[in-house]
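Student: Throw the hints in and build the complete structure from the sequences for me.
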Amino acid sequence: MTAKTKAISVKGRVQGVGFRYFVLRNAKRLGIRGFVKNMPDRSVYIEAQGQEENLNELIGLCWKGPERSRVDSVETNEVVRKEWNDFYVE
1 MTAKTKAISV KGRVQGVGFR YFVLRNAKRL GIRGFVKNMP DRSVYIEAQG QEENLNELIG
61 LCWKGPERSR VDSVETNEVV RKEWNDFYVE
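Residues in the sequence shown are numbered consecutively from 1, following this note's numbering.
Hints should not be assumed to be uniformly reliable.
In silico SDA-like links for lysine to any residue, alpha-carbon gap of 25 Å or less [as the list claims (entries may be wrong)]:
#1 K6 x N56
#2 K82 x F35
#3 K37 x K82
#4 K11 x W63
#5 K6 x F22
#6 K4 x E47
#7 K4 x R25
#8 K64 x R25
#9 K4 x S43
#10 K64 x G31
It is worth saying that the hints were derived from the structure and are not from the lab.
Tutor: In C-alpha coordinates, the structure reads:
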(Lines of atoms letter the chains of each structure in order from A and count residues from 1; the text may use other names and numbers.)
(Lines give C-alpha, C1' and ligand atoms only; values in the text may rest on other atoms or scores of the structure.)
Protein backbone atom coordinates (compact mmCIF):
# COMPACT_ATOMS: atom_id res chain seq x y z
CA MET A 1 0.00 0.00 0.00
CA THR A 2 1.13 3.51 -0.77
CA ALA A 3 1.32 6.09 2.00
CA LYS A 4 -0.73 9.26 1.58
CA THR A 5 -0.12 12.68 3.06
CA LYS A 6 -2.96 14.86 4.31
CA ALA A 7 -3.18 18.37 5.69
CA ILE A 8 -5.76 18.58 8.47
CA SER A 9 -7.07 21.82 9.97
CA VAL A 10 -9.08 21.57 13.19
CA LYS A 11 -11.11 24.54 14.46
CA GLY A 12 -12.97 25.16 17.70
CA ARG A 13 -11.66 25.14 21.27
CA VAL A 14 -8.54 23.20 20.35
CA GLN A 15 -5.69 25.21 21.90
CA GLY A 16 -4.84 25.05 25.59
CA VAL A 17 -6.71 21.76 26.03
CA GLY A 18 -4.02 19.18 25.18
CA PHE A 19 -5.15 18.73 21.60
CA ARG A 20 -1.66 18.55 20.04
CA TYR A 21 -0.54 15.86 22.48
CA PHE A 22 -3.79 13.96 21.92
CA VAL A 23 -2.97 13.97 18.18
CA LEU A 24 0.67 13.01 18.89
CA ARG A 25 -0.30 9.96 20.98
CA ASN A 26 -2.84 8.73 18.44
CA ALA A 27 -0.63 9.37 15.41
CA LYS A 28 2.21 7.36 16.98
CA ARG A 29 -0.20 4.54 17.89
CA LEU A 30 -1.43 4.45 14.27
CA GLY A 31 2.07 4.53 12.76
CA ILE A 32 1.51 7.97 11.23
CA ARG A 33 4.41 10.35 10.60
CA GLY A 34 4.29 14.16 10.33
CA PHE A 35 3.63 17.03 12.70
CA VAL A 36 0.98 19.00 14.57
CA LYS A 37 1.13 22.68 15.53
CA ASN A 38 -0.96 25.54 16.90
CA MET A 39 -1.84 28.27 14.41
CA PRO A 40 -2.24 32.02 15.06
CA ASP A 41 -5.99 31.81 14.28
CA ARG A 42 -6.41 29.43 17.29
CA SER A 43 -6.80 26.36 15.07
CA VAL A 44 -4.55 23.29 15.03
CA TYR A 45 -2.78 22.25 11.82
CA ILE A 46 -1.61 18.71 11.13
CA GLU A 47 0.36 17.20 8.27
CA ALA A 48 0.07 13.44 8.52
CA GLN A 49 1.50 10.65 6.37
CA GLY A 50 0.44 7.03 6.57
CA GLN A 51 -1.90 4.40 5.25
CA GLU A 52 -5.28 5.81 4.22
CA GLU A 53 -7.25 3.75 6.75
CA ASN A 54 -5.02 5.02 9.58
CA LEU A 55 -5.30 8.62 8.36
CA ASN A 56 -9.08 8.26 8.30
CA GLU A 57 -9.02 6.94 11.88
CA LEU A 58 -6.88 9.91 12.97
CA ILE A 59 -9.30 12.31 11.27
CA GLY A 60 -12.20 10.67 13.13
CA LEU A 61 -10.31 11.06 16.40
CA CYS A 62 -9.72 14.74 15.60
CA TRP A 63 -13.51 15.18 15.58
CA LYS A 64 -13.63 13.76 19.13
CA GLY A 65 -10.54 15.49 20.54
CA PRO A 66 -9.46 15.33 24.18
CA GLU A 67 -11.98 15.81 26.98
CA ARG A 68 -11.77 19.62 27.32
CA SER A 69 -11.83 20.38 23.59
CA ARG A 70 -14.78 21.38 21.42
CA VAL A 71 -14.30 20.68 17.73
CA ASP A 72 -16.33 22.81 15.31
CA SER A 73 -14.75 21.68 12.04
CA VAL A 74 -12.13 19.37 10.58
CA GLU A 75 -10.97 20.15 7.05
CA THR A 76 -8.68 17.84 5.09
CA ASN A 77 -6.74 18.11 1.87
CA GLU A 78 -4.34 15.73 0.21
CA VAL A 79 -0.92 17.34 -0.16
CA VAL A 80 2.28 16.54 -2.03
CA ARG A 81 3.95 13.60 -0.38
CA LYS A 82 6.67 14.51 2.09
CA GLU A 83 8.94 12.27 4.13
CA TRP A 84 9.07 12.22 7.92
CA ASN A 85 10.73 9.69 10.19
CA ASP A 86 8.45 10.31 13.16
CA PHE A 87 5.48 12.36 14.39
CA TYR A 88 6.19 15.46 16.46
CA VAL A 89 4.70 18.60 17.99
CA GLU A 90 6.01 21.76 16.37
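Student: Are the hints correct? Go through all of them and say.
Tutor: These are the hints, each one checked on the structure:
no.	hint	verdict
1	K6 x N56	holds, 10 Å
2	K82 x F35	holds, 11 Å
3	K37 x K82	holds, 17 Å
4	K11 x W63	holds, 10 Å
5	K6 x F22	holds, 18 Å
6	K4 x E47	holds, 10 Å
7	K4 x R25	holds, 19 Å
8	K64 x R25	holds, 14 Å
9	K4 x S43	holds, 23 Å
10	K64 x G31	holds, 19 Å
When held up to the earlier numbered hints, the structure conflicts with none and fits them all.
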